[in-house]
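Here the protein sequences come in this chain order: A and B. Each residue of the first sequence is one higher than the one before, starting from 1256 at the first, in this note's numbering. Each residue of the second sequence is one higher than the one before, starting from 1256 at the first, in this note's numbering.
Everything labelled a hint here was simulated from the structure, so no lab data went into it. Hints should not be assumed to be uniformly reliable.
It does not matter which identical chain is used: a pair holds within one copy or between any two.
[Claimed, not checked] DSS-like mimics (lysine-lysine), calculated; alpha carbons at most 27 angstroms apart, straight line: (1) K1291 / K1460; (2) K1345 / K1322; (3) K1491 / K1451; (4) K1491 / K1291; (5) K1460 / K1305; (6) K1345 / K1451; (7) K1305 / K1291; (8) K1435 / K1351; (9) K1322 / K1451.
There are 2 protein chains.
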Amino acid sequence: MSTSFRQDLQLAVNHISVDCVVLGFDGEQLRVLLLKRVGESGGQEFGDMKLPGDLIYTDENLDDAAKRVLHELTGMSNINLLQFKAYGSKDRITKKDMEWLEQTTHQHMERIVTIAYLSLLRISRPLATPPAGNEVHWVGLDEIGTLAFDHNILIRDAIEAVRHRADIDPSYLFNLLPQKFTMLQLRTLYERIYGKAQDVRNFHKKVTQLDYIVALDEREQGVAHRAARLYRFDRKIFRRARR
Amino acid sequence: MSTSFRQDLQLAVNHISVDCVVLGFDGEQLRVLLLKRVGESGGQEFGDMKLPGDLIYTDENLDDAAKRVLHELTGMSNINLLQFKAYGSKDRITKKDMEWLEQTTHQHMERIVTIAYLSLLRISRPLATPPAGNEVHWVGLDEIGTLAFDHNILIRDAIEAVRHRADIDPSYLFNLLPQKFTMLQLRTLYERIYGKAQDVRNFHKKVTQLDYIVALDEREQGVAHRAARLYRFDRKIFRRARR
């Protein structure tokens, strides 16, 4: 028999959750969609932030659960979610977080394995109205502080997953930019994703060599500084070049 | 409160497993490490094959569990395992597979979420002696037939993960080749991973332009056909070029 099971070791009471890292870019920094969390620990009320995530139901598969949970918590639908990593360390849940979970679910919990999903969203897209009692915010990555559970780690890993995906498919990052963007916005996005400064001249030179980034006869409007030229990403040219 | 939990819906009795897709290449085809499985269903004995995988224990994190399970089932250690996907659909376990699991673990099961890991191995590396009762084989991908659980899907997805990783890091595939390899072996490996024929001349031309693939003053030995030139992958040159 190929599976020998050690009867002396106990299996945990496992729960399965999904968590969604929805990333946006405001032209200056990356932002992540967070929910306000209110709880009680040791008789004291506390408030912090968490990723949209929840336990999954018996008959759901993981991908369906991610879509449902994001919809139920934020009101958002038609979001393209990509599974990027599973987290199953027992230490990922602190005592405080475990208490909060047991209070909100009325279930005894020992281990929660979470499957993390990723989505890139245009930040200009209006947020849906979340169900009553839920507060959803785009929070800048520099301002997120310490989140519930291991959600800081999930966000860090999500950005690494974006980097890997963009290395294979450079068109991926354009999901974060407006239809028309400036060279500064594009460069800033690269700097945020790759975590290092890009030389202005080299970056400009590299980008102008890419024929799928098309310079428009238009400039920014309503800005205090000198209005910069606008560019757009041409998916057709991109696809043709990659064939 | 950000997590609203529907008390009317039951949560499954969840178990967490890890499964390891260990891939090798014999110069002609990809092979995967499989275990023999023997069970009983409806009073009839059956035999088939499965990936090395098992349930994880309470205090284990996922990565440690993958290493332990692979070691316990195959005797192998020091294997670099990369998590590539989680599977949590309820239909992934057939009635027959569920019976087998309950027989071998003496546990009631409803859903098993598995976290799949991937490793590329030189097939020349001698297999460890598996624990008594376990049979481990390198099985050619064309010969695996229908495996236990959804393991055919896991293997298909693992190869896709190899492709994606190799697109970012071309050195990754050399983990599948012997230290010294022929151009035919390299081309065949590409054909197997990318699932399409490579033009012989174009492939040769492309490869000879890569300075990290070094032609040796050596030829194959002990072959019936004309002995082909041997090449090696130079990791130092590769790293320097990628800086």
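Outcome of the hint check:
Neither within a single protomer nor between protomers do K1291 and K1460 lie at most 27 angstroms apart by alpha-carbon distance, with minima of 43 angstroms and 58 angstroms respectively. For the identical chains of this complex, K1345 and K1322 are neighbours both inside a copy (25 angstroms) and across copies (17 angstroms), given an alpha-carbon limit of 27 angstroms. In this assembly of identical chains, K1491 and K1451 lie within 27 angstroms of each other by CA distance solely across copies; the values are 25 angstroms between and 30 angstroms within a copy. Taking the closest pair of Cα atoms, K1491 and K1291 never come within 27 angstroms of each other, the shortest separation being 40 angstroms inside a single copy and 49 angstroms across copies.
In this assembly of identical chains, K1460 and K1305 lie within 27 angstroms of each other by CA distance neither inside one copy nor across copies; the values are 40 angstroms within and 52 angstroms between. In this homomeric assembly, K1345 and K1451 never come within 27 angstroms of each other (Cα to Cα): the closest approach is 33 angstroms inside a single copy and 43 angstroms across copies. In this assembly of identical chains, the alpha carbons of K1305 and K1291 lie at most 27 angstroms apart only when taken from the same copy (6 angstroms versus 44 angstroms across copies). For the identical chains of this complex, K1435 and K1351 are neighbours neither inside a copy (45 angstroms) nor across copies (55 angstroms), given an alpha-carbon limit of 27 angstroms.
Within a single copy, K1322 and K1451 get their C-alpha atoms no closer than 33 angstroms, and across copies no closer than 34 angstroms, so neither meets the 27 angstroms cut-off.
Of the numbered hints given earlier, the model fails hints 1, 4, 5, 6, 8, 9; all others are met.
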